[in-house]
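Line by line, the protein sequences give chains A, B, C and D.
Be aware that the first sequence starts at 140, since it is given in this note's numbering, and climbs by one per residue.
Be aware that the second sequence starts at 384, since it is given in this note's numbering, and climbs by one per residue.
Be aware that the third sequence starts at -15, since it is given in this note's numbering, and climbs by one per residue.
Be aware that the fourth sequence starts at 543, since it is given in this note's numbering, and climbs by one per residue.
Please keep in mind that the hints were generated in silico from the structure rather than gathered at the bench.
One thing to keep in mind: the hints can contain errors.
Unchecked claim - Which chain D residues stay away from chain A? Per the calculated CB distances, all over 12 Å, these:
#, residue
1, V575
2, G584
3, D612
4, L618
5, L690
6, A828
7, T830
8, F859
Claimed, not checked - Now the stretches of chain B that chain C is said to cover, found in silico as 3 or more residues with beta-carbon under 8 Å:
#, region
9, 542 to 553
10, 614 to 628
11, 701 to 711
Glycine is no exception: its CB is placed at the ideal position from the N, C-alpha and C atoms.
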Amino acid sequence: MRVAAFLPELLRHLFKKPNTVDYPFKKLEVPPGFRGTPFLRPELCIACRACERDCPAEAIEMTLLDEAEKKWKMIIHNDRCVHCAQCVDSCPVSPIKAMDIDERYELADFDRHNLKREWVYLRAVLKKAEPKPAPPKTEPKPQTGQV
Amino acid sequence: MRFNIPIGPQHPALKEPISLRMTVEGEVIRDADLRLGYNHRGLEKLAEQKTWVQNIYLTERICGICSHSHTTCYVQGVEKLMEIVPPKRGLYIRTLVAELERIHSHLLWLGVAGHEAGFDSFFMYTWRDREVVMDLLEMISGNRVHYAINTLGGVRRDLDEGQIKKILDGLVVLKERSVYYARIGTTEPSFVARLAGVGYLSKEKAMALCAVGPTTRASGVARDVRKDDPYAAYEDTSFEVATADTCDVLGRTVVRIKELLSSYQISEFLVRNLPAGDIAVRAPKRAKPNEVLSRYEAPRGENTHYIKSNGSDKPERLKVRAPTLANYAATIEMLKNGFIADIPLIFAAIDPCVCCAERTVELVNGRTGEEKTVRFAELRALAAERHKQLSTKRNAVWPL
Amino acid sequence: MTDQELVDKLKSLLGEKIVEISNPSLRRVFFTVAPGNLTASAAVLSKDLGIWYIATISGVDVGDGYELLYHFGPDTGSLTMRTKIPKENPHIESLCPSFPGAILYERELQDMFGIAVDHIPDPRPLIVPDDWPAGNFPLRKDWTFERPEEIIPGGKK
Amino acid sequence: MAALKTILYLLVYPGVLFLFVYSTFCEWFDRKVYARLQNRMGPTHTGRFGLLQPVADFFKLMAKEDITPDLADRRLFTLLPIFGLAIVATAGLLLPVWVFDLSAVPMISFSGDVIVLLYLLSLPTLILFLAGWSSTNPFSAIGGTRVLTMLFGYEAPLFMTVLSPAILANSWRLSEIALFYQHKPWLILPNLLGFAVALVCVQAKLERTPFDIPHAETEIVGGTLTEYSGKKLAFFRLMTDIEMVVSAGLIAAVFLGGFPGGLWLGLLNFVVKTLVVIFILSLIRALTSRIRVDQVVSFAWRYLAPLAVLQLLIVIFIKGLLL
């Protein structure tokens, strides 16, 4: 038993910088590999629907718009997404995944409809012989940002 | 004078909804009753409609604090059903995450115990240093709470040299701080006065009521699944099962601190002896009809999953027994003849993990004492009715 | 005590009460008894084998009946006692005299499967709310639920 | 003119307005020190350094919906916060800081005002008890009984320790006690033990950790104030803040030599000395965990009361031998 056992530790911190982060004004950096928001690289997607099948939250919705053109539509419901990145693991396209996840974590919105992301695209065809066309290095922007 | 006080479903001491009805006489509790189901999400039924892969993430969401324990328990059961053996490196990483999770859970518990006893400085400092292990877990798995590192047949992410160095550095800091908190927690007089002798659970009672985890170990029962029934990489590690024989909340604190120290030792061993090789093997889509019982020592005690497969890509039955449920009977026993002031500490000492989903509320009519259960829609209707009767009408319309 | 010793000991203690016994993997023993022999077998487990820990009770709807699995935890691993009861008027004797800790799981069993547990010390519902409609037992296979269509609040469609 | 002066005295300085401003500042100081001791930031955004946060909290509460329980006595329930605020504000007027001239304002400074001040500081405790009891909520009722139980523990030692410097100074008047110690500062030293005991008792009176038992939120939700909301809760919070300022002022006046130096310097003295006392109170709050109500009573009678008696004996001894 020691009275005021915590005293030295408390006084030591009295004039130190606080350990907490002034969050909405200052932001913490996320480590590499952080699982943020999923997105699609539509030019690579072969429409195998593996991500849709494996998504535990049923947040991925794929529909075939045009049979002849092989035109597909994918909606990612970010309001349902649990950020597990199973879709990235399930995606068979390699080395650059068609389905990938970025590091954005501030998704809050006043309207759940704004959280949907939608892509309309033609199915990519895997070419076995020739190497893949160099995928764009920059983060592809969602083709239709608005809903 | 005897009267009833309700602790929960909504109460500042409870982080999750559960209802404890206390019959008190002055400051002394004479009887306690328990009511669950405020957060029943029908998870076992839902699991029967999801595929094996989807169920990993479903079981992960049984609990936030011990998310890794439920997935590991589920995944190692399914691996047996599918007759695949994960590679050694995968098992080591899985065990490492499990131990880091135990560290974060026990540090969290230390802080919560401080907070329940009104020792907020202790709470702030332990949680500040808990960030170290949270950052390690985030670095390894990509998320702070739901690590999702397990997959059928191994783990999903590998460790590189830089990460291993960071983990070792972090463990040094954590170890030093834990030793310090152990000293504070067992020497600060006002804190010890709240812990010692509170929530007595004798060894016989602990065994009869089938308590698990640190609750029984603090009553002198050396029972630890990691030792009795080694899974994952625990066969390679060596550690002591932490016990105490004071049978009170102080004993449970001591057990948890001892487990923290042994967890640092195990994690360090795992990181230093990480075998080379693959981290996962491919898992089939279906499992043959069979059944398996999987056990796991979660930070709160033994976690049991019974999984039955029927040859399809979905389980026939997934039975989950989380450790907290097993401790409820013992909690009622500990609460009896205690003080009202000790309720939060005793209840927190089993490290309850109830999880949240609001479904119903109980309304007690103040005049008649009559109780009824009201659904959320009715409650909103009642609120709207009351709102209309108010003399000053508000103009603002609530957006929902 | 190895698994084989446990199996031999069970065989000698319970005799012909055991319908079937298996040891599918290391530290896992499953044995089956008739529903009538349940409490007697449990008493033997707790008295003669010194088992005090019951992990949980799993109920499974197997089509032509309910299979109940009582998972015990001896020091050597896990021991499961299995029994099967018919679907008509399902009821089972309580294990609370031998294992007081079983009460929570028996109450859960009542709520989820509608299996009446005879002589249970506290038969009130544990998990389902008090006004839960009678005759609804969620974990039976014939109980299905309609998922209501998700209505997303907000202005836009 | 005299009437105007009295009104100014009651309403502006050192009356309600000054007490409001200074007590919110003290709450900010307490919160900030508590936060920095815990390596946190504390109030940051409202006003410069978050100085206006307690004021903002007060006005936010004033704007909130005000609910009275169906079963509660409506009149008592409403009047209690107003009474409580009035009582502590009155107590604030008795502090010797604004009364630098011994001959002036006899209704504010008189022989025996230290007793009146102590009495006025006891009343908020009773107000809190009545508030808890009239709320007809089990949590409030338990909180109310805890308030009274604790009162029996700390009140006697507090009276004894505060009165022992008065005995040494041979006066029951706060300004005279302060003046005595200003002339003989070395006589403060024998009272150090009493100072420590008084700090602990004031901590208990203000219901702060380790004595925040009547409103221990993890045990009995809001305790005595569970059913209070809106304006009434705002009044109670303000009451607690002013009570803290007045108690700190009392301790400073009795043990730390009062507030000499006229209008401005006296005010400066008052601010510095009360802040020192409040800093120590915050430190105690950060250092300890909440104890049980039975432990409070046994702690008070096992340690505080004997120490207070010892302090009295020391004072009587010194008075008999040296003076």
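Now for the hints, and whether the structure bears them out:
1. V575: Non-interface label on V575(D) violated, nearest chain A Cβ at 8 Å vs cutoff 12 Å.
2. G584: Per Cβ check, G584(D) is inside 12 Å of chain A; nearest 8 Å; violated.
3. D612: It holds; D612(D) is separated from chain A by about 37 Å at its closest Cβ, greater than 12 Å.
4. L618: holds (41 Å)
5. L690: With a cut-off of 12 Å, L690(D) remains clear of chain A, as the shortest Cβ separation is near 28 Å.
6. A828: violated (6 Å)
7. T830: violated (8 Å)
8. F859: Fine: 27 Å to the nearest Cβ keeps F859(D) off the interface.
9. 542 to 553: violated (count 0)
10. 614 to 628: violated (count 0)
11. 701 to 711: With 5 residues in contact (Cβ-Cβ under 8 Å with chain C), the coverage given for the region 701 to 711 of chain B holds.
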